[in-house]
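The sequence shown begins at 1 in the working numbering and counts up by one.
The set of hints was computed from the structure by calculation and includes no laboratory data. Be aware that a few hints might be false.
Only pairs whose alpha carbons sit at most 27 Å apart, straight line, appear in this in silico DSSO-like list of lysine-lysine [claimed, not checked]: (1) Lys91 <-> Lys37; (2) Lys128 <-> Lys91; (3) Lys95 <-> Lys128; (4) Lys37 <-> Lys90; (5) Lys128 <-> Lys37; (6) Lys120 <-> Lys95; (7) Lys91 <-> Lys120; (8) Lys143 <-> Lys120; (9) Lys37 <-> Lys95; (10) Lys128 <-> Lys90; (11) Lys120 <-> Lys90; (12) Lys95 <-> Lys143.
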Amino acid sequence: MKQLSSGLAVMLAMAAPLLAQAHGYIDAPKSRAFMCKTQENAACGAIQYEPQSVEGPKGFPAAGPADGVIAAAGLAQFSELNAQTPTRWKKVALKAGVNDFSWYFTAGHMTQDWRYYITKQGWNPNQKLSREAFDLQPFCIVKGGFAPSSNSHATHRCTIPADRGGYHVILSTWNIADTGNAFYQVIDAQIQAGTTVNPQKVMINPFQ
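Could you build all of it, start to finish, from the sequences and the hints given here?
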């Protein structure tokens, strides 16, 4: 029994680094979690060591993490991500209209799709992120074709609605095809309003 327990402990110890290397995050424009890794965001807790691990139930907005814990995908160990004020997080500068969003993968998964949501006009940046804060119709959907995310990056060209300006939060979900989970990333963006009105919904080949 001692030998079995010892052997199991060794196997778990060997597996732990592999588990920690999964799975993916948005590195351009820099997500909230990634800016914790780069230390542009401070007092982030454990997420600074594994921004790729913000994984929770898929199916947002009908399912998925509860309101108030969306940014951390409902994970208690990353609860610092759920803090929300107008000044808590460093912001990236974006323009309304066409923008590229790049996911960096530390481990490949069979992909259903990626979806991008943005906070509504007039949302309250002093309240933790909730479904009420977001436009629940994604402004961009990128089909994964149930293929493995084999490359280290996937870049999606999406169109931010022209009527958004100022501080907004963009939520992206990477929905995995062969599990019940998704990876969640939020981007704190200072958006310069534009004039484009037709959002791009689908990108056929995201791995180019």
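Hint check results:
1. Lys91 <-> Lys37: 15 Å, holds
2. Lys128 <-> Lys91: Within the cut-off at roughly 17 Å; holds.
3. Lys95 <-> Lys128: Holds, because 24 Å separates the two Cα atoms, which is no more than 27 Å.
4. Lys37 <-> Lys90: 13 Å, holds
5. Lys128 <-> Lys37: Measuring from Cα to Cα gives roughly 21 Å; hence the hint holds.
6. Lys120 <-> Lys95: 16 Å, holds
7. Lys91 <-> Lys120: With Cα atoms ~17 Å apart, Lys91 and Lys120 stay inside 27 Å; holds.
8. Lys143 <-> Lys120: 24 Å, holds
9. Lys37 <-> Lys95: With a Cα-Cα distance of about 24 Å, the restraint between Lys37 and Lys95 holds, given a limit of 27 Å.
10. Lys128 <-> Lys90: Holds, at roughly 16 Å.
11. Lys120 <-> Lys90: Cα-Cα ~20 Å, so holds.
12. Lys95 <-> Lys143: Satisfied, since the Cα-Cα distance of roughly 24 Å is no more than 27 Å.
Every hint, counting from the list given before, is met by this structure.
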